[in-house]
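Peer 1: Residue-level listing of the chains:
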Amino acid sequence: MLKVEEQQPVEFSSALIAKCDEISSRYPDGKQKSALLPILHEVQAELGWLSSNAMDKVAAYLKIEPIEVYEVASFYSMYFLQPKGKYVLEVCRTGPCCLVGAEKLMEHMEQTLGVKEGEVTADGLFSWRGVECLAACGFGPVLQIGPEYTFYENLDNQKVDTLIEELRKK
Amino acid sequence: MARKLLLEHINVPGINTLDVYRQKGGYRAVEKALKTLTPDEVVEEVKKSGLRGRGGAGFPTGMKWSFLAKPEGVARYLVCNADESEPGTFKDRYLMTYIPHALIEGMIVSSFALGANTSYIYVRGEMMPQIRILERAIAEAKAAGFLGKNILGSGYDLEIYVQPGGGAYICGEETALLESLEGKRGNPRIKPPFPAIAGLYGCPTVVNNVESIAAVVPIINDGGDEYMKIGIGRSTGTKLISASGNLVRPGVYEIELGLPVEEFIYSDEYCGGIANGKRLKATVAGGSSVPVLPANLTLKLANGEPRLMSYESLSEGGFATGTMMGSGGFIAFDEDQCIVRNTWNFSRFYHHESCGQCSPCREGTGWMEKVLHRLEHGHGKMSDIDLLVDVSKKIEGNTICPLGDAAAWPVASAIRHFRDEFEWHVKEPIKSLQGNYGIANYAVPIPKAEVKQEN
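Line by line, the protein sequences are chains S and E. Just so you know, we're using our numbering here: the first sequence kicks off at 63 and counts up by one. Just so you know, we're using our numbering here: the second sequence kicks off at 38 and counts up by one.
Note that these hints are calculated values from the structure, not bench results. We put the beta carbon where it would ideally sit given N, CA and C, even for glycine. Any given hint could turn out to be false.
Stated by the list, open to error - What follows is a list of derived Cβ distance ranges for each label pair:
#1 A107(S) / E196(E): 23 to 31 Å
#2 F104(E) / K125(S): 32 to 40 Å
#3 A181(E) / L229(S): 32 to 40 Å
Let the hints inform the model, and build the full structure from the sequences given.
Peer 2: Laid out in structure tokens, this is it:
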């Protein structure tokens with residue numbers, strides 16, 4: 063059964079549609095499906111995640127079948143098919159970062175935020191998850207926060223605590 | 038001091054802006070190519086330089102360019118592969134962050150050489166800050182007349198667009214990247230046809246790594262012959278090495294190919310040795326996909342000669358005693374690191390990133406992860422070790438794209454060189470959960486080869 067959020071109708075702002083128009087103009091005529099990945103990023107940045115209603119709207123905009131959007135959104139790891147916290151803290155969990163303490167950092171985040179990987183804190187502010195290599199292996203441990211994917215390097219427990227406190231105050 | 042071609046001005050304040058970049062000689066290559074050279078002459082210079090693809094495969098860039106089909110009336114494309122996702126590799130992010138115009142300038146010269154009027158830079162979606170940086174650099178270049186219609190009065194038109202990915206390692210494979218750029222899942226295509234014949238939208242396409250494209254700039258400025266003089270043998274020019282792991286100074290270094298590995302790890306000009314006064318246990322020299330080597334084989338060849346940072350020297354000895362240059366992702370492990378745990382970590386990565394198209398890779402990577410997980414967590418059996426070798430052999434060479442090989446090699450090489458550590462995990466499950474196997478004899482120096490005197 064669909065969750066309540068998934069049944070909610072979705073509206074795209076005029077700014078979002080203008081952005082989609084600009085993105086679509088980057089490709090030759092008839093190849094507008096190329097705009098799919100960038101547009102999904104824009105939609106997620108505005109709505110926080112990709113509901114099936116939102117994906118259907120993207121399909122209608124690009125004049126493609128909804129399944130063409132679903133199969134792409136479910137293939138790539140950056141698209142959220144479920145609601146997440148306002149801030150999703152994504153920690154690199156691949157080899158080189160683990161050599162410099164990424165696993166301990168994730169344990170610490172789980173304790174500090176009080177939620178398991180992928181879950182949302184009660185106030186709706188935070189989620190966290192381990193992600194694969196973020197291409198910053200020399201500056202690990204690292205984490206990023208969407209939708210602009212702000213990047214934090216050379217982390218330790220204290221720096222993460224400070225970051226979480228700052229985000230809470232925003 | 039070694040020569041620097043790409044990172045020479047990295048510490049100049051404002052080098053990320055067009056003005057400062059031009060003060061430091063930027064966009065000379067565009068003026069030289071568009072005003073004084075024909076596209077074929079640019080291709081010829083790149084061929085002469087001996088530049089080899091910096092993304093991992095090491096295929097000669099000039100030769101790749103010369104394969105591009107040029108049918109009448111069909112568009113051609115240059116696509117820059119900035120989907121840097123190989124664990125241990127972070128040089129492209131560095132270059133794009135600090136000197137974005139080096140990539141844009143390289144894109145203009147390379148697109149001109151290939152006759153492309155629209156080019157795309159496919160950047161992994163997580164690098165949103167770098168996407169913004171590149172978009173700003175493109176806008177600056179366009180305002181200065183280096184992009185758009187009739188560039189510098191040459192009659193040549195070019196537009197460059199930045200395309201974000203969606204978070205998938207597989208899109209670093211060139212045909213998967215093209216699928217993704219067409220708005221589809223990143224499933225690699227069956228080759229042939231190669232992208233040079235049928236690539237983006239079925240048109241002839243060249244896909245090159247960020248560093249390869251940036252290297253075209255010094256090649257055109259100084260000439261292919263000058264570039265070829267740097268380096269050693271068929272490993273010409275300079276290479277960006279991403280150094281990570283337990284090093285005193287991890288980071289991105291530009292080296293002249295042919296530098297001894299020992300100097301790279303221990304000298305103060307580069308990594309400054311192993312962090313916290315520990316000893317080196319093992320390295321992965323070219324990104325997670327290449328075979329892992331124990332410290333002794335990292336520093337010396339099997340015959341005791343010093344190993345060098347070059348395509349040939351790193352692969353000397355084949356997979357029995359060698360590894361590969363790959364993308365230049367150099368990961369160092371100190372004596373406290375567990376090879377089994379790291380191999381399990383890499384296996385989880387490949388299982389997560391397998392696109393699922395070929396069953397040997399889709400199923401095999403999952404099996405390897407599972408078996409390595411139980412070995413690492415104290416439930417392994419002695420037969421698991423050979424089972425892993427068996428599974429890795431059945432993946433290798435049996436998949437459409439090289440992700441299968443990339444998943445198989447780290448596992449096979451870890452068992453080849455560190456089998457006693459795997460066996461220890463089976464024999465001593467409790468100890469292996471509490472501590473590590475240590476450095477054993479992995480750092481025992483290899484004796485210098487005896488040189489036969491000929492009378």
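Peer 1: Does each hint hold? Answer for all of them.
Peer 2: Each hint tested on the structure:
1. At about 24 Å, the beta-carbon gap between A107(S) and E196(E) stays in the expected band of 23 to 31 Å.
2. Checked against the hint of 32 to 40 Å, the C-beta distance between F104(E) and K125(S) comes to roughly 35 Å, which is consistent with it.
3. One distance hint, 32 to 40 Å for the beta-carbon pair A181(E) and L229(S), holds here, with the actual separation near 39 Å.
Violation of the numbered hints given earlier is absent; every hint is satisfied by the structure.
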